[in-house]
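Chains as they are written, first to last, in numbering that gives the first Met the number 0: chain A, 0 to 353; chain B, 0 to 664.
Quick caveat, the hints were computed from the structure, so don't treat them as lab data.
Treat the hints loosely; a few may be bogus.
As a list, the in silico DSSO-like pairs of lysine-lysine whose alpha-carbon atoms are at most 30 Å apart [stated by the list, open to error]: (1) B:Lys58 to A:Lys297; (2) B:Lys313 to B:Lys58; (3) B:Lys218 to A:Lys220; (4) A:Lys157 to A:Lys213; (5) A:Lys240 to B:Lys218; (6) B:Lys119 to A:Lys221; (7) B:Lys119 to A:Lys240.
A few chain A residues that don't get close to chain B, going by computed Cβ distances all over 10 Å [stated by the list, open to error]: (8) Glu45; (9) Tyr52; (10) Gln71; (11) Arg127; (12) His129; (13) Asn154; (14) Asp159; (15) Gln161; (16) Arg199; (17) Lys221; (18) Phe238; (19) Phe248; (20) Thr295; (21) Arg310; (22) Gln315; (23) Lys325.
Where a beta carbon is used, it is the ideal one built from N, C-alpha and C, also for glycine.
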Amino acid sequence: MLLYWYLAKGSFWAVKLLLFFFVVAAPGLLNGAIADPSTSLSLRHEPVQPLFYPSGLNPEKITLGERLFHDQRLGRESRMSCATCHSLENNGIDGLTRSMGRDKQGMLLNTPTVFNSSLNHRLFWDGRAHTLEAQINFVVEGIQEFATQWPVLLNKLKQDAQYRRSFSHIYSEGITAANVRNAISTFVRSLITINSRFDRWLLGDVNAINSEEKAGYHLFKKYGCIACHQGRNVGGNMFQKLGVFKAFFGHDKHARSHLGRYNVTGKEQDKHVFRVPSLRLVVLTPPYFHDGSAKTLKDAIKVMAEYQLGRNISEQDIESIIAFLKTLPGEYKGRVLSDGATQDASYKNTDDPE
Amino acid sequence: MNYQERGLRRWLLWLAVVAVLSVLYTHSQTDMPEQHSRITDNLHQLRQLDITLNQDFLKIRYGLLHHYDSLVDSMREIIVVQSRLDVDLQMSELGQLNEIRLHRQSVREVFERKERLLEKLKSQTSILRNSLIFLPVATAQVLEKVPAGEGGRLLREYLTSLERHSLIYYITSDARQRPRVTAKLQQLLALKSRLQTRWDRQLNEGVDNLVGHVRIVMKQKTMVDSMLHALIDLPTVKQLNLLSRANQNYYQERASLANGYQLALYLVSVLLLVYVGYILLKLSRSVTELEVVKSELKSIIDNTVDAIITTDEKGLIAHFNNAAESIFGRTATDVIGHSVTMLMSAKYRQQHPGGLGYLATGEANLMGENAILEGRRKDGSFFPLELAVNELRVTDQRMFTAIARDITARVKTEQKLADYRDSLEEQVKKRTTELELSNRELESYSYSIAHDLRAPLRAIAGYSTILQEDAGDKLDAEDMSNFDRIVAATHRMEGLIADILELGRVSQTKVRLVDVDLTALAQHTIEQLCTAGAGKDIDWQIQENLTVLGDEKLFGLLIENLLGNAVKYSSKKTQVCIEFGAVCMDGNETFFVKDNGAGFDMQYADKLFAPFQRLHASAEFEGSGVGLATVQRIVDRHYGRVWAEGAVDKGAAFYFTFELPCPLP
């Protein structure tokens, strides 16, 4: 009996080991062998990758997160929401050189778009947040932004019966800081501009972009823009020093807003280092750079070519590259994002007095 | 009480066994496999992600990585998996182990370093890539503007070789290539400084730009290569393996410990089973034994001649044996469950009200001793019954067992014996009366004889004296002495008759019991003796305050006789000491008269008290031989005892006692 007992025990472990291989190891191996389904042969070597709507997002969380995103009660004295700066009607930005922030006190940096922001490897110009959840924390507690504390914020949310119902329906713990962050982040993760013309071309629709735009893409790669602005978000996955080839900042190089990542790490080598911004919606989100110093895309491209790439770029090539960049914005909720196109009634800009 | 204690102990023992089993069971169970596999799983994923990262680094090295999305995804995944690992570690006790914590910290640090290096690598690689892509273009652009002539030829040569060496350096990363590039740069810069005034602005700017890009390539290439090496050399795998091994070791320890507990659990269970089997075996055996004992006891109880009846606390009959059935004339089935009072006569039933009254009062009137009662048969007849009741405790219940015996036959026999005894006593009384009557007749007869003898004797003496006086002259001396002898003989005979009469009187006088002062009586006797001339030189030792309950006259006679005897038999001694007193002998007050006179031979002691028996010749000591007989008679009349001790010429001691306890020691 004793022997049987030991044998049974041994075989149990053998079974577990087998299960482990089948359940855990095999899918891992397969994942390694079979690459991303989007990666066709031609696509695999393109530095720009198409966007896909993320799988596995809870639609209820997205709805809840959208409501929270637009809820002014999140800010101090209930006068500011995420959408105050990241207006979805305005392509996820406020369109200002530098954001006004809370009570129009004026912030130091330009607001990047919230669209596709979940694809950025870090959040904020200096990349101080690793995740969207962390980014929300900075905004909630930031003096120039929501300037509040979680307990205060949660108290306000708990007075709303609809929130109570939604939260307790989705989350077992109900309304907590982590769950609020999770809901908003889930919503932001859903803000992916898919099905752009360029993506369609990448995925095999040869007529999705015209020859000028194709030429612009080649110039984009030839000039070396692609060295930093690559991947599915056309940037947003690395840091780079502003002023590689020659110094970008003059007498104002020690201004805090220009120090970039140095403000986070305190290392000399991180001075003037910023997260490379995504170019997905670049044609829709002027002005440009961390301080909004480039008013037009043309200016921005010129500056980039001069300071980052160390070369001159002709007007014609700039136009061509801009033509390429115009193929990048995709659709959100079935509607292509464009300059004045997001007039849908479902978005109401609560901050716009007009 | 003892039974309860044993029961309690048994329960505690079982509880302890159950506790031991449950403790062993808890220790033998472990959620380790699940957590262990999750932790192992996470570590495996981390290793996989690390491998993917390293593969991507190699792709960067050979210019095969076109975008950094995969790097970002891997890094993000690493962070997620690490936080999952932290949760799993925190949930298991593994997270509390110092060793594990240290290893976990190392893993975290090495991945953080990897991330920092990776960010740097991305930036620097981009810069390198940009310049590298532009280098041939820039060279071509400059070459287009190169003027003809000697300087132009040199410039063209420098530019092409600079481009070539730079690209070769980029491709081979050969350190020997660096000085060649540097040399070409120096040559180009020297040429430029010599000829720049002759070159147009565009050419100068183009050369400067080219030099800048070459420098960037040279600088970034070295930096990127060293960063790549540093990245690949980061001991991520080693740290992961250490953590994995620590986890494995811990799990193995836990598993072997749990195995040990399981083994112990198994052994204890087997022991318990064996023990239970043993108990069952013992139980079945003892049940058989009990059956045997029970049947033995039953047959003993059923075959005994005495009725054995068991009742409970309320007096309801629980058991009724065969003998009881026959004695009471009832069957067991009739009486069991009924009150025991149905077996009693009405008289005793009242003493047994509604069951057993003494339970409430605590008085055990029948408990533990034999009692004779009256039993009632089925037909209503009564019979004498000997009964012994005992209280029993069976577990916690009180029971009573009565052992009853029909004693009709014994009672009859006893009656017969009593009758016989009564008739015997009557006979004895009759015989005694008869004897007393004859005795009295005899005594009166002897008294009357003695009394009647005195008259003729007195006549003989009187006439002899008259004859002697009358014929005194005619008689010679011999005749005279004969006459004297006759007279003396008649006197002696008279004395004898008086003594016999005295003796008879002693026997016949009615004893009147008063407190008699023996001391006073003795003093009185001594006085009389002294007046008679005897006892004057005697040393009298009379004890004071000797009193006794008896007839005063008879005791006077007794003392007189004894003291007189003492004086008489001491008369031949010069130093005479006579003692009268009392001692305690065998718990009785014993009076004695002691002298140091002639004494007697003890072998004749029993003859001393017989009438007319003398141990000394009359010539030696006068006497009739009735004195001690009188003493004997007096003592007898008081239901006492008299005896003598003595030796020839050593004196004698006479003791008498009335068999009454000593008043004082």
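Check: Which hints from the list above does the structure break, by number from lowest to highest?
Finding: Structure breaks hints 1, 2, 4, 8, 12, 17, 18, 21.
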